[in-house]
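2 protein chains.
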Amino acid sequence: MAYRIITISRQFGSGGRSIGHKLAERLGFAYYDKELVKQVATVTGFAPEYIEEKGEYAPNRSKLSYLFTTVGTAGVMNGMSAADYLYTMQRKVILDLAEKGDCVIVGRCADYILRDREDTFNAFIHAPTAYRAERIVRLYGESEQSPEKRLSDKDGKRRVNYEHFTGRKWGAAENYDICLNTAAIGEDNCVELLYRIVKGE
Amino acid sequence: MAYRIITISRQFGSGGRSIGHKLAERLGFAYYDKELVKQVATVTGFAPEYIEEKGEYAPNRSKLSYLFTTVGTAGVMNGMSAADYLYTMQRKVILDLAEKGDCVIVGRCADYILRDREDTFNAFIHAPTAYRAERIVRLYGESEQSPEKRLSDKDGKRRVNYEHFTGRKWGAAENYDICLNTAAIGEDNCVELLYRIVKGE
Numbered sequence: 233m234a235y236r237i238i239t240i241s242r243q244f245g246s247g248g249r250s251i252g253h254k255l256a257e258r259l260g261f262a263y264y265d266k267e268l269v270k271q272v273a274t275v276t277g278f279a280p281e282y283i284e285e286k287g288e289y290a291p292n293r294s295k296l297s298y299l300f301t302t303v304g305t306a307g308v309m310n311g312m313s314a315a316d317y318l319y320t321m322q323r324k325v326i327l328d329l330a331e332k333g334d335c336v337i338v339g340r341c342a343d344y345i346l347r348d349r350e351d352t353f354n355a356f357i358h359a360p361t362a363y364r365a366e367r368i369v370r371l372y373g374e375s376e377q378s379p380e381k382r383l384s385d386k387d388g389k390r391r392v393n394y395e396h397f398t399g400r401k402w403g404a405a406e407n408y409d410i411c412l413n414t415a416a417i418g419e420d421n422c423v424e425l426l427y428r429i430v431k432g433e
Numbered sequence: 233m234a235y236r237i238i239t240i241s242r243q244f245g246s247g248g249r250s251i252g253h254k255l256a257e258r259l260g261f262a263y264y265d266k267e268l269v270k271q272v273a274t275v276t277g278f279a280p281e282y283i284e285e286k287g288e289y290a291p292n293r294s295k296l297s298y299l300f301t302t303v304g305t306a307g308v309m310n311g312m313s314a315a316d317y318l319y320t321m322q323r324k325v326i327l328d329l330a331e332k333g334d335c336v337i338v339g340r341c342a343d344y345i346l347r348d349r350e351d352t353f354n355a356f357i358h359a360p361t362a363y364r365a366e367r368i369v370r371l372y373g374e375s376e377q378s379p380e381k382r383l384s385d386k387d388g389k390r391r392v393n394y395e396h397f398t399g400r401k402w403g404a405a406e407n408y409d410i411c412l413n414t415a416a417i418g419e420d421n422c423v424e425l426l427y428r429i430v431k432g433e
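Those protein sequence lines, which keep their order, are chains X and B. So this note's numbering is basically just the index in the first sequence, starting at one, shifted up by 232. So this note's numbering is basically just the index in the second sequence, starting at one, shifted up by 232.
One chain only, chain X, in its complex shape (with noise of 0.2 Å):
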């Protein structure tokens, strides 16, 4: 079977993002996660920053409410909420970058949107809290929370959004063809692994 197409979701500190650019490179294939963004800023007029924090993250459950009220109900958002019109855009994107070809996608609920391509592959790449507790640390350094709590905050606010917008649970190794724990398999593992499974070798 021929993949053209590849997502990536995951757990915050797994590696998964780094994964998809290292099999990305590997395959030749275009690799989108900032890209995406900067294309959904000129398609919103959204800043990327607003587009980054809020394209992949439900906010503060305490302000979910908030979330998906209306914020705008003249213009091109048309009633939507916010979130619901950053969506909308982002949904749009995706669909234009997989008929343009080859690529590796990263987060986004990209597996979701991209159900009914048969030559699109999705994994999701997870890892045990303490594996990944140190990794964020080594690779952002420390901050006031702790990373157990940075972990579970950046995470349930990924699991919220995924779940608010496709009706699937988030982790649920049904929802993937792959799934893979890197602390088990190890990070350059899982690129190889990936890449042979897109090649067919």
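Hints are supplied without guarantee of correctness; some may be wrong.
In this list, chains with the same sequence are indistinguishable; a pair is considered to hold if it fits within one copy or across any two.
Taking lysine to any residue pairs in the SDA-like style, the calculated list, with each CA pair at most 20 Å apart, reads [stated by the list, open to error]:
no.: 1; residue 1: 431; residue 2: 415
no.: 2; residue 1: 401; residue 2: 319
no.: 3; residue 1: 381; residue 2: 406
no.: 4; residue 1: 386; residue 2: 404
no.: 5; residue 1: 401; residue 2: 384
no.: 6; residue 1: 324; residue 2: 312
no.: 7; residue 1: 401; residue 2: 388
no.: 8; residue 1: 332; residue 2: 347
no.: 9; residue 1: 431; residue 2: 419
Hints in this document: simulated from the structure, not taken from any laboratory. In this text, all values refer to a predicted model and were calculated from it rather than measured experimentally.
Here the structure of chain X is known, so what remains is to put chain B in place on it, guided by the hints.
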């Protein structure tokens, strides 16, 4: 990392058992499935058919209350329900088999039972309903029930059994080191991929 024990959890009809069997052959590892049933029969005195039926499957949901009541108050079961007693003995057999050496173990909460062993690699095998429905009719023939009903009944019982004894969500990616969709990857490719991980190739 050297893995000596591979556990295979699987959705009914996904090809997980067949993958486990082929993997064991390819690795030259012992394969425990029916063999495990025999050993549990020896230590418990239960009939192999009873163990096969009850060792992985909760009874019909309507009979759950029966399952978890005490059916024996004297003798070896020592006040445990038959289901709890069977789990306890199955657990003991699995821990002993893991001590004995390189092996592949299919089902029976082995991933959870062996969670403290660093030499254990846990796989979950799944596939979309349509793929599994076609496969069980091809392998096991038609029955009065629709294949979809047979799948959901069997998996429902596995789920209840797993969640009761482990307190974990069955099929949640984070419980396993790898999850594979056989329809997207192919059974033989799954065997190859697991082989390479275990061999560190």
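A quick look at each hint next to the structure:
Taking the shortest Cα distances, residue 431 and residue 415 sit within 20 Å of each other only across copies (16 Å), while inside one copy they are farther apart (24 Å). For the identical chains of this complex, residue 401 and residue 319 are intra-copy neighbours only, at 18 Å inside a copy versus 29 Å across copies, given an alpha-carbon limit of 20 Å. Only between protomers do residue 381 and residue 406 lie at most 20 Å apart by alpha-carbon distance; the minimum there is 18 Å, versus 27 Å within a single protomer. For the homomeric pair residue 386 and residue 404, the shortest alpha-carbon distances inside one copy (18 Å) and between copies (19 Å) are both at most 20 Å.
Taking the closest pair of Cα atoms, residue 401 and residue 384 come within 20 Å of each other both inside a single copy (16 Å) and across two copies (18 Å). In this homomeric assembly, residue 324 and residue 312 come within 20 Å of each other (Cα to Cα) only inside a single copy, at 16 Å, whereas the closest approach across copies is 57 Å. Both within a single protomer and between protomers do residue 401 and residue 388 lie at most 20 Å apart by alpha-carbon distance, with minima of 12 Å and 17 Å respectively. In this assembly of identical chains, the alpha carbons of residue 332 and residue 347 lie at most 20 Å apart only when taken from the same copy (17 Å versus 44 Å across copies).
Within a single copy, residue 431 and residue 419 get their C-alpha atoms as close as 18 Å, and across copies as close as 16 Å, so both meet the 20 Å cut-off.
Comparing the model with each numbered hint stated earlier shows that all of them hold.
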